[in-house]
Every structure is written in C-alpha cells, then in structure tokens.
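Participant: Residue numbers (our numbering), protein chains in the order written: chain E, 1 to 175; chain Y, 176 to 526.
These are computed hints drawn from the structure, not numbers from a lab.
Note that the Cβ used here is the ideal one computed from N, Cα and C, for glycine as well.
Careful: at least some of the hints might be erroneous.
[Said to hold, decoys possible] Looking from chain E toward chain Y, a few residues come up when the C-beta cut is under 8 angstroms (computed):
no., residue
1, L79
2, F82
3, G108
4, S109
5, E128
6, G148
7, E166
[Said to hold, decoys possible] The calculated DSSO-like cross-link candidates involving lysine-lysine, where the alpha carbons are at most 27 angstroms apart (straight line), are:
no., chain 1, residue 1, chain 2, residue 2
8, Y, K188, E, K164
9, Y, K390, Y, K407
10, Y, K323, Y, K379
11, Y, K379, Y, K349
12, E, K167, Y, K188
13, Y, K349, Y, K323
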Amino acid sequence: MPRRRRIAAVRPNAEFAEAAERHLDDVLAFLVYLTGDRNVAEDLTAETFARALERWRRFDPRRGSARTWLCQLARSTALDHFRSEERRRRREGRYSVDVREPVEAPFGSGLSPELEGALARLSAAEREVIALRVVVELDGETAARVLGISVTACSTRLSRALQKLEKEVSAGVAA
Amino acid sequence: MSPLELVDDRFEKLASELRAARPIASEELRERVRSLTPPPPPRLELNLRRFVPAAGLAAAAAALTIAVVLAVVRGSNPHPVAAEKTSASKAALFPRGLVQSASAARTPVHGAPFRLDLNKALAPSVSRLQRYDAVLRVRVASQEELSKQTQDAIAFTRNAGGYLAWSSYSAPGKGGNSELVLRIPIEHVQEAIADFTAYGDLVKQQIVLKDLQQKVDGLTATIVRLQEDLVKIHSQLAGILSPEQRAILEQRLQQDKTRLAALTSQRASTVRRAQMASVALAMVVGPKPAAAPAGRFHRTIDDAASVLLRELELLVYALLVAGPLLLLGGAGVLAGRMMRRHSDRRLLERA
Numbered sequence: 001m002p003r004r005r006r007i008a009a010v011r012p013n014a015e016f017a018e019a020a021e022r023h024l025d026d027v028l029a030f031l032v033y034l035t036g037d038r039n040v041a042e043d044l045t046a047e048t049f050a051r052a053l054e055r056w057r058r059f060d061p062r063r064g065s066a067r068t069w070l071c072q073l074a075r076s077t078a079l080d081h082f083r084s085e086e087r088r089r090r091r092e093g094r095y096s097v098d099v100r101e102p103v104e105a106p107f108g109s110g111l112s113p114e115l116e117g118a119l120a121r122l123s124a125a126e127r128e129v130i131a132l133r134v135v136v137e138l139d140g141e142t143a144a145r146v147l148g149i150s151v152t153a154c155s156t157r158l159s160r161a162l163q164k165l166e167k168e169v170s171a172g173v174a175a
Numbered sequence: 176m177s178p179l180e181l182v183d184d185r186f187e188k189l190a191s192e193l194r195a196a197r198p199i200a201s202e203e204l205r206e207r208v209r210s211l212t213p214p215p216p217p218r219l220e221l222n223l224r225r226f227v228p229a230a231g232l233a234a235a236a237a238a239l240t241i242a243v244v245l246a247v248v249r250g251s252n253p254h255p256v257a258a259e260k261t262s263a264s265k266a267a268l269f270p271r272g273l274v275q276s277a278s279a280a281r282t283p284v285h286g287a288p289f290r291l292d293l294n295k296a297l298a299p300s301v302s303r304l305q306r307y308d309a310v311l312r313v314r315v316a317s318q319e320e321l322s323k324q325t326q327d328a329i330a331f332t333r334n335a336g337g338y339l340a341w342s343s344y345s346a347p348g349k350g351g352n353s354e355l356v357l358r359i360p361i362e363h364v365q366e367a368i369a370d371f372t373a374y375g376d377l378v379k380q381q382i383v384l385k386d387l388q389q390k391v392d393g394l395t396a397t398i399v400r401l402q403e404d405l406v407k408i409h410s411q412l413a414g415i416l417s418p419e420q421r422a423i424l425e426q427r428l429q430q431d432k433t434r435l436a437a438l439t440s441q442r443a444s445t446v447r448r449a450q451m452a453s454v455a456l457a458m459v460v461g462p463k464p465a466a467a468p469a470g471r472f473h474r475t476i477d478d479a480a481s482v483l484l485r486e487l488e489l490l491v492y493a494l495l496v497a498g499p500l501l502l503l504g505g506a507g508v509l510a511g512r513m514m515r516r517h518s519d520r521r522l523l524e525r526a
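So here's chain E without its partners, still in its complex pose (with noise of 0.2 angstroms):
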C-alpha cells in the first residue's frame, strides 16, 4: 500500500478510537436510559460505535461535535432496536417486557430505590432528554438537534420530565 493511502487509512481509525474513548461513557449513559436495560444498552453501544467506524469517513466536524453525532447514531441505532422489538413482540403476540429478566440498578448504581423506580416508570421519551440534558450534561441546543427538535421544545419536554420524576419520587417515598 503506497505510504500516502496508508497514512490516510490510519488517521481516520485514530480519530475514531480516540473519539470512542472519550465519548464511550456518554453514549453508554444515554443509551442506559434511553432502553432502561443495561444489557441492551451496551449492546447497542456496540452497535452504534460499530456504525460510526463505518460512517466515520462522513462525520464533518464543522457540523457538530463527534459527541453529538454519536448521540444522534446511538438514538437511530436504538430506536431501530425499538422498531425491530415492536415487530417481534406483534409476531410473536406478547410483550417481551413480560419475560425479560429484570436487571439490578439499570441506571448507574448509587440511585435511591425510589429514583431508580421512578425513571423506570417514566417513558423512553421522558428519559432521554434527562440523559442528554442531565447525564451526558448536553447544552439545551446541542440536546435538541439530538432530537431533532426545536430547543423550546426541548427546554419544555426536560421540565415536564422532571417534574414527573420529582413527583413519582415523592409517591415512591410515601409509599
């Protein structure tokens, strides 16, 4: 291989690896929430960083940082893994929620009970904007192209997200 291509063939993988590294934890943690299963979530971190080496060629950084754009492939990623589970579940006429075997701490150990039941009781929508905005500690415009939604948009959907948490807390707590 002429020592140009060779160069030009390394490069890249460097960038990625480098990027995957740094940006593991984030993607991990977004994708933790956003499935509520940490056995799939690290599934589908694979997948996505599987992805991104293959599309590595087509991340422009002047469009984003490689966070964001690993973000936006983990979200892709997960909601064809949610699409391809909806499919099963119809096929098979019953929801796999009901034999999957339920998972210690999904959400980072060290959460209260209450917390830890809380964010399993809001939806995958609900929980994603808190992993970005709250976890991954995004900025609210940063989060919103993720989503592909207007920043007010986001701004609301993470408060009333919050509020919700705070108030399935408090009804864990009294319980």
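Assemble the complex: chain E is given as a structure, and chain Y must be docked to it using the hints.
Facilitator: For chain Y alone, coordinates are given in the frame of chain E:
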C-alpha cells in the same frame, strides 16, 4: 454554568444524584469497542453533502467551458454586424450576376465606418448602353439629418442634371423615413452612390446592371429594314399598278410607317433609359447598430457572454418545468420526515 440552570434550579438536587450515579462502561464493553475493525474502504462512496457542491461546481465549469469553446469557434468567423457590412460592400462592388471578380474585393476593417470607394464602385460601361438600377438604404442619426440629407440628395441630383422621379417623406415622433427615386445621368451615378452612402450607416445596397445595347442594336436594324421597305413601297407606288395592287401596297405602307414610328419611339426611350440611372434611396432614422467588436478577443468574450446567457435561459426554463415536480418531491420528503419523527416519538413514549 450547569445546563440545567437554564431550565429550572428546583431540580438541582435531583440532577446531582443522577449525575453522581451516571452509568460507566465496563472494561468488557471498552474492549469490545476497541476491537472493532474498520470495514474495507468503499471504492465509490457517494456523499451527497460533498457531491452536490462538487457537481454544481463541475456543471458551472462545464457551462463556462462550453461557452468559451463555442465563442472561440464563433469568434473565428466574422461578426454578424461586420458580416452585414461586408456583404453590403460586396453587393456594392460586385452585384448579383457580376461577381466573377469578387476575389478582388477587400473586406472592410471590423468596426470601421463603411464608405464606398468611388474608384472601386461598379462603373457603367462607356461603350455600351446599359440600364443602371441602384437601391440604397441608409440609417441616419436624427430627424434633422434625415431632412438635411433628403434635401442634399435632391440638390445633388439636380446639379448632376438629373431629376426627382418620386418621393415620400414622413417624420412622426422621434423616427422618420424618406424615400426618393432619383434619375441621375449615368456618368454621375458612381459619384452619387458614393455621396449617398456617406449620409449615414449603409444597411442595404443593391445595384442591378442590364445591358441594353443588344436591344437598341436590334431595334436599329429593324428600323433600317423598315425604312428600306418604305423606300421600295414608295418606288412601286410611283409605277403602274392595278387598283387592287395599289390598295395593298398603300395598306402595307401605312402599317410599316406606324411600326417604324413605334420602334423609333421605343429605341429613343431605351436610349434615354440607358442615359439616366435609377437610384432608389431610402433613409430611416434609427439608433446606430452596435459596432462590431474590434478584435477577435472581444468577439470571443462577447460570444461567450451570449452563450452563458443562453445557458442561463435554458437553466431557468428547466427549473420552471421541473419546479412543480421538485416542490412536490420536497413536500413529500418533508412530510415523510415529519411522519417519521411523529412515529419515533410515539415509539419512545410506548417504550
């Protein structure tokens, strides 16, 4: 500043707890991601974001290249305005039917005002009788020029011994035209044509020469023969004849005399026609036509601009035709995207 501060400070405690318990990737997952191997580079990867600007640039470059190539090809030919003047010049020097020496013609310099060279203008024959008809069309700058040149043409004709056969003059608004049919002695017609073409921009010139000598010679021969017949008839009538013979001869004499008079008149008319040339001079008031670009380079630039303009017209036409389809397609894409978002949202709410 925490991103959450933009939303609400009430949830700060909740946010802190969530961040503190943030999921961390296991070493196993890290290894799994590290062990990912890059796929072989695709031979042809179509990236629309890069392809569209590149295709646009390529199309613009192709359009420019086509324009320049066409302009170079066309620029090597004479400019239409110059060609018009050249043809007018050739028509003046070598009218139709008399182009056997056209190779001797000199093309006027592009952009230079066209003036007839008196020494090279088609000259009537001095040894033979000829009919000389000229049609000139000259564009003058203003109504004042039109009036002045009309008077000048009539004065020139009268001074040359000719006369005005017919005229029409009108100058409505800022325009105007003057049409004159002049009879000019054949020996002054060259000078007259040279003078008239200098009134403005010559836009049309046609000269028709027709030999009349043969016709006049034929008429002369017939007249001589008739005169001889008349002498014979007179001598026969002087002799002894029967009344019937005399009546026949007198009838013939009368017929020949009538015919002789007609032929003599016809010959005189033909000779007069050959002595006076007919010049139809039309002058119009109009803007000066765009001068032919001075050089090949300027012609090339001019042609390239016109080709580019034509390409732009075609592009606008194509957009007008394809516009509704593009709008429909765009609307379809937007609708599809909105439906997809809605479907994703519902899917996440159910999940």
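Participant: Run every hint past the structure and note whether it holds.
Facilitator: For each hint, the structure was consulted:
For E:L79, the suggested interface contact is upheld, since its CB lies about 5 angstroms from the closest CB of chain Y, less than 8 angstroms. At its closest, the beta carbon of E:F82 sits 5 angstroms from a beta carbon of chain Y; the interface hint therefore holds under the 8 angstroms criterion. The closest approach between the C-beta of E:G108 and any C-beta of chain Y is roughly 4 angstroms, which is under the 8 angstroms cut-off, so the hint is satisfied. Interface restraint check: E:S109 against chain Y, minimum CB-CB distance 6 angstroms, threshold 8 angstroms, status holds.
Checking E:E128 against chain Y: minimum C-beta separation of about 7 angstroms stays under 8 angstroms; hint holds. At a threshold of 8 angstroms, the smallest CB-CB gap from E:G148 to chain Y is about 6 angstroms, leaving the interface hint in force. For the restraint placing E:E166 at the interface with chain Y, the shortest Cβ-Cβ distance is roughly 6 angstroms, inside the 8 angstroms limit, so the hint holds. Between the alpha carbons of Y:K188 and E:K164 the distance comes to roughly 15 angstroms, so the proposed pair stays at or under 27 angstroms and holds.
For a cut-off of 27 angstroms, the pair hint linking Y:K390 to Y:K407 stands: about 26 angstroms separates their Cα positions. For the hint linking Y:K323 to Y:K379, the alpha-carbon distance of about 20 angstroms falls within 27 angstroms, and the restraint holds. Between the alpha carbons of Y:K379 and Y:K349 the distance comes to roughly 22 angstroms, so the proposed pair stays at or under 27 angstroms and holds. For the suggested pair E:K167 and Y:K188, the alpha carbons sit about 14 angstroms apart, so the restraint of at most 27 angstroms is met.
At most 27 angstroms may separate the alpha-carbon atoms for a hinted pair to count; Y:K349 and Y:K323 meet this at roughly 16 angstroms.
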